[in-house]
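Going by the numbering used here, the letters in the sequence shown line up with residues 1050 to 1468, in that order.
Source of the hints: derived by calculation from the structure; they are not laboratory data.
Heads up, the beta-carbon is just placed ideally off N, CA and C, and yes, glycines get one too.
None of the hints are false.
Computed beta-carbon distance windows for the label pairs: (1) 1207 with 1428: 44 to 54 Å; (2) 1095 with 1176: 18 to 28 Å; (3) 1260 with 1416: 36 to 46 Å.
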Amino acid sequence: VDSRLAEDICYCLDGLLDQQASTLPPEVFQPVVKVLLDSSETAGEERARVAILRSLAELMARACDECRPCMEPALLRLRLRVEGELAQGRAPSGPALDCMRALIHRLGAGIAGQADGLLRLLVSAAERSNGPSGTGGSEEALRAVGTLAAALGARFEAGFLLLWPALSAALASADEPETCLAGVAALRDVVAALGALLGEHALPILEALSSLLQRSEEQLHHCIRAPAVMCLGEVARAMGSATPGLEVILSLLEREATAAAAAPSTEGAPQKAPAAGARRSTRRRTCPSVPTSAAQEVRNDVLDAVLGAYEAVVSGCLRSENLPPALRLALPAMLHFACRHVASQGASTAVKRVAVKLVGALAAHLPADLAAFASKDQETKACITMLTLFGSACPSAAVRQFASALTRLELFRAEAVHF
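Using the sequences plus the hints, can you model the full thing?
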């Protein structure tokens, strides 16, 4: 298959998928999948194989539910291909792993019967060193593992010990930004899947994330920092008051907020990682530099992540009757940060929703404390008023419920309660 012709055909196919994939009947879907798989195996050039496999992944992601029975044979065929590449000592194809990831996502819980074999295969692929430019599959394998965890939920617990060596190695590879970023993304999926079942695994996870975030700006690419902060918060959401080293986490979040708010606008701010499903070059992915105009956006991403992490910590800890002392001590700094950030110019609707959830949860469980704090700080009082109005008019019923707790605050009649 001529690589240029293959790319042109795949471009046309992608255009058709935009219009027709969701209505493609199984009797048409199945032969199209077979042709794409066959041609990806016979294509003489890597460029052609990449184009074909990416179109196949796009087809899998967009196909209707009636086509799912045809997806499992395609997954088995791709799995055998990757196994063959590993057996030959070659790094597996990234686009092939992306196809597997799309199939795992579509098959969902139905993947359980293949889960053990798939996990072992993907971990082996992640541990294999990257090959020539465009052929390494470590990042794609890690992201596929995260998708597998999301599909299995709590049933993924038994696979954590098998995955952790590869995942911890990725988290430690800050000099390889895309590999590290894929590790953080996979870890967040695993944490969400396991929840409180993380148990004793939470400590090494938090240690790895803390070590990553304690790197200086020169040692850690900015495209990693915000996702790592969010992941830190999700571990606390999962573990709640049982989170090990909660005071260290809260101190780290405060430090991240302070550093991001004070960071100067300099050249070399990194670009956001490409969105899921976006077409990418066959060359190795990186987190490239962008002009100074994007530096503020990068800092805002970190500040948004800190706000989200605070909300996750509070949400997790409020599941217990008694708040941990470390969280009570951190409340003033947390509220000051949330109010400053949400009142900043250009704060998005999504950021305001997170702030309503954070402050509303505190208002529901600690109304006297929050009212007393707001009555002594005009900035906090103004912010709560703004969040109350915003949340009360929000289309989301969950956000309106948090806003109702803010409405019930009696800011001027609250007893003097000191944090």
